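Residue numbers in the sequence shown follow my numbering, run continuously in steps of one, and reach 574 at the last position.
Source of the hints: derived by calculation from the structure; they are not laboratory data. What you are looking at is a predicted structure, and each value in this text was computed from that prediction instead of being measured. A hint or two may mislead.
[As the list claims (entries may be wrong)] Estimated spans, in silico, between C-beta atoms of each pair: (1) S180 / A337: 48 to 56 Å; (2) T529 / K509: 25 to 33 Å; (3) D445 / D531: 28 to 36 Å; (4) D439 / K345: 52 to 60 Å; (5) D385 / A348: 28 to 36 Å; (6) D385 / K555: 38 to 46 Å; (7) T159 / T529: 34 to 42 Å; (8) E569 / D182: 43 to 51 Å; (9) T159 / K345: 24 to 32 Å; (10) T314 / H293: 22 to 30 Å.
[What the hints assert, rightly or not] Using 25 Å as the maximum straight-line C-alpha spacing, the simulated DSS-like pairs for lysine-lysine come out as follows: (11) K338 / K129; (12) K509 / K491; (13) K129 / K381; (14) K546 / K558.
Using N, Cα and C, we set each Cβ at its ideal position, and we do this for glycine too.
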Amino acid sequence: MRARGLAGICLFAALFAAVPTLAQSPIRGPDGRYRMVLPGRKSTPPKPVQPVTSVPPAIAAAPPEDAPAPPAVLAPAPAPVGPAPDVPAPDVIVPVSGGQLGGEAWKDGTFAFKAVPFAAPPVGPLRWKAPQDVAAWSGVRFSPESAPGCLQADYGWQTKTSQASSEDCLYLEIRTPSLSRDARKPVMVFFHGGANRAGAGNGTIYSDLGKRDVVIVTLQYRLGVFGFLSHPALSAEQGGASGNYALMDQIKALQWVRDNIARFGGDPDNVTLFGHSAGGQDVGLMLASPLAHGLFQKAIEESGTPQFGFAPRTLAQNEALGIRLAEQFSNDPADGAKALADLRKAPAQTLQQAGDKLSPPMEDAGFIWDQATVDGYVLPKSPADIFRAGEGAKVPLIMGVSARELMLADVSASLYGAIATRFGEDRGKALRFYRLDVDKTPKADPVLGEVPLQLSTDLMLRCPADWMARQAAANGQPAWLYQLDIDADAKADVHHGSELSFVFNDRPKEVKKDRWAPLMDYWVQFAKTGDPNRKGLDDWKPYGGKGRYIEFTRKGSKIEDGMRADLCELLDRP
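Given the sequences, and given the hints that come with them, work out the whole structure.
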């Protein structure tokens, strides 16, 4: 598989939009190697529709601006009302920033809200600008369907999501067990994966996690070239910094949660971020960004770290990518304002595809939008420097990896060359660690796999996760580290994305307890208390000075010390 294809399967809780109708349906990457099971839907996924509809003011009129916000109310139940005969009326109405929002009452007693706008559509002149406030609306804004995912190219594993994707995509979804302001339920905000260039936020609210007496929020953010591009003219018009618009979208969504989630029974002072892959990376970047501080109280990084083991890009390096993109779409000087104007008028999908083909300054160009950019605004300096200085958000933290993650292009191309490049003067120690100094083809480890996959996982995720835990512990943060050795499918090897089945699905009755990693139980307890431990769960020791971590195996869990310590001490990046 080509390098870009490797990142294309950097998975993908976002695959929910394309999940088949049966729960527990396996999803495969284009080469069949990467599988995971995602929460299914009990009904046929809807066809793409407009993201929102307006119910006429006769159902519920917007209150005056100076009036106190009314509580959530049950909507009347006349015949379906809306702009089209097939659009039903909402079951409940909740006042939020900008107007009134309609939602659905589900049979299990929870409430669901889809296509909730947290920012203005980032289109036209707002392309490559910080997210703006939503324009106020009259009447009740309600959608029985999810909003489209943010605009993305088709990578094979998310064709339906790509076909329905749009630049107008800054929406979130909510599932809550209560609409009482006094409920103050823990809030869990999920960041979807997809290499920061694919995926969507819909589907998470259908999972079993939504039945655990917590408020679930899943958000969307601009992807690929629209979410991360810098350009000299953008920097000039935006105070000397550009890029990281996706991170600004995430921050804007968290601000919306802070201001509105109490109306959905959530506690704005008890918000836990959790994300997978690129979503896990972005959770880590929320820890690093001073703009996000105070917007959440806990964080979980699943198979994703702030730098993914790569050196970050500088603003100048990211601007250079923008210049090379402008050369393809403008006849004017590629670093100037006229070229930027041409980029803003260029067809969106063509831009996205061209952006993915740019060559970034990193070892695996397939992960182009997973390389953190130090723009000077969202990220004032590298995440590593921020955490070393103790300037990151000091909140309780869970992070971890699957025992076998993803192959890196440089490792696949040349194992010895990658070791020489990545370890420099310490390459001899690395060769000895993998026994490559005595055997060119060491025997595969039954848990970790072949040496090239071990090295790729160590470089990109395992050692960076250990680095984050070690740094958090040094900064006085409670931190817990894990390694997942099993997949929900007993016949499958663990892989990138295996943890999603355990986070979002209840244990099937036919599966023995010691064969099902209770990640959902740990995550919910962590969201409630800031500690994953409770009665009935195996004791998960904090990282501490010994570098402790929990390993979920085919025979249950066990506590170990020093995750690949001899090797990871050679790698000093998150």
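Hint by hint, which ones does this structure get wrong, listed from lowest number up? none
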